[in-house]
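S.K.: Each protein sequence line maps, in turn, to chains D and L. Residue numbers are given in numbering that gives the first Met the number 0: position 23 of the first sequence equals residue 22, and the series is strictly consecutive. Residue numbers are given in numbering that gives the first Met the number 0: position 289 of the second sequence equals residue 288, and the series is strictly consecutive.
Hints listed in this document are in silico derivations from the structure and should not be mistaken for laboratory results. Treat the hints loosely; a few may be bogus.
[Stated by the list, open to error] With a Cα cut of at most 20 Å, we get these calculated EDC-like pairs of lysine to aspartate or glutamate:
hint, chain 1, residue 1, chain 2, residue 2
1, L, Lys370, D, Asp129
2, L, Lys293, D, Asp129
3, D, Lys21, D, Asp57
4, L, Lys213, D, Asp82
5, L, Lys280, D, Asp73
6, L, Lys370, L, Glu245
7, L, Lys280, L, Asp85
8, D, Lys179, D, Glu120
9, L, Lys370, D, Asp73
10, D, Lys74, L, Glu294
11, L, Lys213, L, Glu294
12, D, Lys183, D, Glu120
13, L, Lys88, L, Asp6
14, L, Lys364, L, Glu294
15, L, Lys280, D, Asp57
16, D, Lys211, D, Glu5
17, D, Lys179, D, Glu54
18, L, Lys364, D, Asp73
19, L, Lys293, D, Asp64
20, L, Lys370, D, Glu5
21, D, Lys18, D, Glu31
22, L, Lys280, D, Glu160
23, D, Lys81, L, Glu294
[Claimed, not checked] Taking CB as the label site, the calculated pair distances span:
hint, chain 1, residue 1, chain 2, residue 2, range
24, D, Glu134, L, Val209, 17 to 25 Å
25, D, Lys13, L, Thr291, 29 to 37 Å
26, D, Leu195, L, Lys293, 38 to 46 Å
27, D, Arg55, L, Phe165, 42 to 50 Å
28, D, Asp73, L, Ser86, 28 to 36 Å
29, D, Arg60, L, Lys293, 26 to 34 Å
30, D, Glu5, L, Lys103, 55 to 63 Å
31, L, Ala320, D, Asp73, 44 to 52 Å
32, L, Asn179, D, Asp175, 40 to 48 Å
33, D, Val7, L, Glu358, 39 to 47 Å
All C-beta atoms, glycine included, are put in the ideal place defined by N, C-alpha and C.
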Amino acid sequence: MIQVKEVVKSFGNKENLNKVLKGISLTIKDGEFVVILGASGSGKSTLLNVISGLERPDSGRVSYDSKDISRLSDKALTEFRKDKVGFIFQQYYLLPNLNVDKNVRMGADLAGNGEYRQIIEAVGLGGKLDKYPSELSGGEQQRVSVARALAKKPEVLFLDEPTGALDEQTGRLVLDYISKLHGKYHFTIVMVTHNLNIAEMADTVIRMNSGKIVEIYENQMTKTAYEIGW
Amino acid sequence: MVLGIKDIWKQQGIIIISFCAVFVCTLFLNYNIDVASIENNITSTQVRVLYEAQLMSGKVVCSLCGGSLLATSVIMLFFYIKQYIDSHKKQIGILKAIGYSGFKIAKGFSAFGLCILFGAGGGMLAAYGIMPYFYEVQNEDNILPEYSAHFHPILLICLVIVPALFFAVVSVLYGCRKLNVPVLELLREKIGKGFKAGKKQPEKELAFLVQLRKNTVWQRKSLVFFIAFAAFCYSSMMQMSFSMEELASIVFSIMIIVIGVILSCTTLFIAVTSVANANAKSVAMMRVLGYTIKECTGAVLGGYRWIAYVGFAIGTIYQYALLKFVTTVVFRDVDDVPDITFDFQAFWIALISFLAFFEILLWWKSIQLGKRSAKEIMGE
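Okay, chain D solo, but in the shape it has when bound (with noise of 0.2 Å):
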């Protein structure tokens, strides 16, 4: 279970700051699925740099199962990073010297994963391992990093704005990927999304607005990638 209370986070000098989370509280729940919705400039992504220890608070806790974040060290904090969390970003940030089937092995090496290639296959890029990132689609290299952040076996996966750079029919295709992994690996999501339509397949939508939640509730029905609007 994660626990966030009272997270404060400020960017900017004293004479120029901003307060980007002004006392976040909140839990998630180990296999959920949360959907962070907001405007741009709300702090959603704050939030999930803060949540997934890639970011300090300023003040306040961040827990894991009653693990405190917030104030480990750098070492410390690579070491939690390694263990716990899986990334999946807007811009993929593949290695372009590198093709499909070692971008992947960088997340399953940490965590000792023979077997990632099931995880390749199961994105449906199987055929194409020895692909460069540049000779991929955006679709097909932000499956790798779908790959290559379960390859590691997180038991959290954050995704910022994960279908951002992608058309409908892509983006579609790569959230039903990452729903039925879900399902497969029972791994908590926690996802940053500007998309109304994306919180439908949440169990749980946090919504913000200036740096505060503004809402939080539960979906009675969830839908799949192919059901929503978008």
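Assemble the complex: chain D is given as a structure, and chain L must be docked to it using the hints.
M.R.: Positioned in the frame of chain D, the structure of chain L alone reads:
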């Protein structure tokens, strides 16, 4: 595309190398031209042998130093232009999209000729500054008849003006060639662009970090050349300088050691900085996933270690073989030429100082990469 003085100044590598090349060539060519004027005054056979040996050593030094430094400058120039185009793809793409031709944009690259003008001009000035002392040392035994230093405008034309023009033309032509790509390819800055599989060869089952190290090294062959060349220069020129004091003079010795250290350290610094900058995003992503900074930098920088050491070893063999050749073949008719043996003291001094510089440079770049937050690098 207009290159500013700031862009030109960033090419310190070329400026320093051209400075060194022209400094050495001016000293020896000017000396050779001046000494040639006293040829008719030489009557003794022994003096003539010394005279010819001095002319020959000047030619050897000029062709070796000048040639290798010129080749390095050209390669470095191509490397810079490619890097400049890669980092300004979008701007260049916009210019092409609104109707500028590749040639019109590439014309701006002629400003790279200014690097040579600055470097070569500075090298010539420095050479003329040290010239009287150099002449004094060359003839300190007063074996050759009296001669003095003169300024020869032909050297200014051949060593400064022509190379600057040559580099300006080469820059434009190379720029044209590199800009001959569709506009959309320049505008679309897709992640992973620029790396193509090339000849498909099945990759062995290597761990990720091992594979990354291998690919990082071999997909940037120009950097492999620069690092090996820098280590080669450091090793050969530093060890050679120890023997030069005995073979020629202390001026030679100091000149070789200073040029060697400046040239190799600058080249190493530029090459390692380029590797670190080019891989900053990859390192950021690896850190996000949970790789330690030691693992990251070991994979992207560590692969160049053995290349540097191989370069160093070749430099050691080269300088010994060259000195042996010069003393036994070139100066075979000259009396009192000292016998050359392998100088272990010079070898250890060169090796330890090189190891210290290279490892400190790698360590410093690792610290710099580690200090930059993943968010900062990925936001670029």
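S.K.: Of all the hints numbered above, which does this structure not satisfy? Sort the numbers upward.
M.R.: 1, 2, 4, 6, 15, 17, 19, 20, 21, 27
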